[in-house]
Amino acid sequence: MAVIEVANLRKQYGEHVAVEDVSFTVERGEIFGIVGRNGAGKTTTVECVEGLRKPDRGKVSILGMDAERDADSIRTRVGVQLQQSQLPEKMRVDEAMALFASFYPNPANTDELLHDLGLAEKRRTPYKKLSGGQQQRLAIALALVGNPEIAFLDELTTGLDPAARRDTWHLIEGMRDRGVTVVLVTHFMEEAERLCDRLALVDSGRIVALDTPAGLVSRVDGGGDRLRFRPSTAFDDKLLTDLPEVTGVAHTASQVLVSGKGNLLQAVSATLTTHGIVALDLRVEQTTLEDAFLALTGRTLDGDNN
Amino acid sequence: MATRVEDRVTARPVSAKSGGMVGLGRLAGSEMRLMRREPGILWVIALPILLSVVFGLIPGTSTPSPDVGGGRFIDFYVPVLVCFVIAMMALNVVASALGTYRERGVLRRLAVTPVRPATLLLAQGLVSFTILIGVVAAMVLITGLAFHVPMPKQVFGFLLALVLAVASMFSIGLLVAALAPTGRAANGIGTVVMFPSVFFAGLWTPGPMMSDTIRGISEWTPLGAGSQAIQEAWMGTFPSLFHLAVPLGYTLVIGWVAVKKFRWE
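Chains as they are written, first to last, in this note's numbering: chain W, 25 to 330; chain B, 10 to 274.
One chain only, chain W, in its complex shape (with noise of 0.2 Å):
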């Protein structure tokens, strides 16, 4: 059952279209990401589907009510932490929970969710004594205090360690075990690739793919393995090529790149060793979903044309 449906969605700042005929819809329960560079459209597109923008085009439906005429009703059943929003400085950690959860019918237990999101021991610092890091893990817990059956979740594990990083995308996975539905933003794809059951790709305000993780990048040659070595004589392509397990072989200066699907590295080394060609500095690469961002936009996250 799908709880978020968009369709045709259209926004214009002036002369600059940030999102452009997007449409997806998300099923119950779900992770749903929606990834894309800095820029692209990721945050306008969610803002419109919180309710926070007015689209100029495009319907939105979320938890079967109208995005607009039902706002108030779907406000109490959503819960969204957004990319820039400080609280008041000198507000406690334990006020802001009892604050919001106060705004709910049926808020959860702020002591567990402060617990839960490691925070139990700062309940009684202010806002502004905080580290960035905490200041995020509050900005989760308020977006989870009104028990939503959908969270939307904005680049979250911005600004956070590594180790912290995992934590949170621990209590992500927490989420869905309890069939809450998350909408993630993120431009960090380890993080998709981790957490999302599915997502869209996101690339100057339009949908240029949607699919699973695994199909995303399957989509880049077969979303089989590469192999990478410097060859210790110069060899014909075909003695590769002519493997079925192999789809591809390029050159680089001095090094052989080999991509194929199934026993790949097996097929290649016994053929090799046939011949007497030894492979140094053999390494297996997998295609990634970094990999296959590049591949379907042509730009890697960080912006560099390619």
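The set of hints was computed from the structure by calculation and includes no laboratory data. All C-beta atoms, glycine included, are put in the ideal place defined by N, C-alpha and C. Any given hint could turn out to be false.
Straight-line alpha carbon distances no greater than 35 Å define the calculated DSBU-like cross-link-like pairs of lysine-lysine that follow [what the hints assert, rightly or not]:
id	chain 1	residue 1	chain 2	residue 2
1	W	K78	B	K269
2	W	K78	W	K152
3	W	K262	W	K285
4	W	K114	W	K153
5	W	K114	B	K162
6	W	K114	W	K152
7	B	K162	W	K78
8	B	K162	W	K153
9	B	K270	W	K114
10	W	K83	B	K270
11	W	K146	W	K114
12	B	K270	W	K152
13	W	K152	B	K269
14	W	K78	W	K114
15	W	K83	B	K162
Going by beta-carbon spacing under 8 Å, a handful of chain W positions derived as facing chain B [what the hints assert, rightly or not]:
id	residue
16	L76
17	R99
18	T100
19	V104
20	Q108
21	E119
22	L123
Given chain W's structure and the hints, the job is docking chain B onto it.
Then chain B, alone, in the frame of chain W:
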């Protein structure tokens, strides 16, 4: 958070708590608590009370003098100090608090909860108004009991003039918050607007000391008219309709512009 979503959905009254003024009480309580932690608010509370006590103790301002038409300086000055509190509250406290809330994204954050961000504005205004009334009451009582400054004689007229003066100045505070890019800028603009406001209210030339020319101009400013309305009620006559109409007009016009221009992010 132990129950699964499906169980909760059926148990939940969907529209039991949404829209309207949800959260006003909690937000007002929270605002009051945050206000207590601001060192700046102590200044707004203590300064006018301290000033009225000082003027009550100095012989030059607490005995009749020909400079103020044979009356006592302090009798004319307490109503002016009331206007001073109003100006500080509206232009420093309210304007910078609301400007800061926008700057920090607090209003945006509230926009995605069942609470409407305007509720926070209202809660802030109510808390500031409550503190203001407390300071005014303290000033009237202290100067009345300690220095025999007469209490406002026309009580209804006094309260009406007070509320209108507050409303007009809070509208200006809201406009400053609406236009200023940051909380700090709001505070700066507020301070700049503050000086003419309290000048026309008679901070430097209370009561009869103000020249007729200046008085003529001041009647057209919200706090100048408000100050004279408060003064009139204090002396025992119902304030002139003109002195009530001016702050009312500012409230309606400035308030409308501020609401139209207010940026939530």
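- Query: Is the straight-line distance between the alpha-carbon of K83/W and that of K162/B 35 Å or less?
  - Reply: violated (62 Å)
- Message: Please check whether L76/W passes as an interface residue: C-beta within 8 Å of a C-beta belonging to chain B.
- Response: holds (6 Å)
- CA of K270/B to CA of K152/W, is that 35 Å or under? Roughly 30 Å between the alpha carbons, so the hint for K270/B and K152/W holds.
- Message: Tell me if the straight-line CA distance from K78/W to K269/B falls inside 35 Å.
- Response: holds (18 Å)
- Query: Regarding the pair K83/W and K270/B, is the alpha-carbon distance no greater than 35 Å?
  - Reply: Distance ~28 Å between K83/W and K270/B Cα, so the pair holds.
- chain B contact restraint on R99/W - CB to CB distance below 8 Å: Because about 5 Å separates R99/W from the closest Cβ in chain B, which is inside the 8 Å limit, the hint holds.
- Task: For the pair we were handed, K114/W and K162/B, check the Cα-Cα distance against 35 Å.
- Result: violated (42 Å)
- For the pair we were handed, K114/W and K152/W, check the Cα-Cα distance against 35 Å. holds (7 Å)
- Item | Status of the Q108/W interface restraint (C-beta, 8 Å, chain B) | Holds, about 6 Å.
- Quickly compare the C-alpha distance for K146/W and K114/W to 35 Å and report which way the hint goes. Roughly 13 Å between the alpha carbons, so the hint for K146/W and K114/W holds.
- Task: Have a go at the E119/W hint: is there a Cβ in chain B nearer than 8 Å to its own Cβ?
- Result: holds (7 Å)
- Message: Hinted pair, alpha-carbon criterion (35 Å max): K162/B, K78/W. Please report holds or violated.
- Response: Roughly 54 Å between the alpha carbons, so the hint for K162/B and K78/W is violated.
Consistency note: the structure conflicts with the earlier hints numbered 5, 7, 8 and 15.
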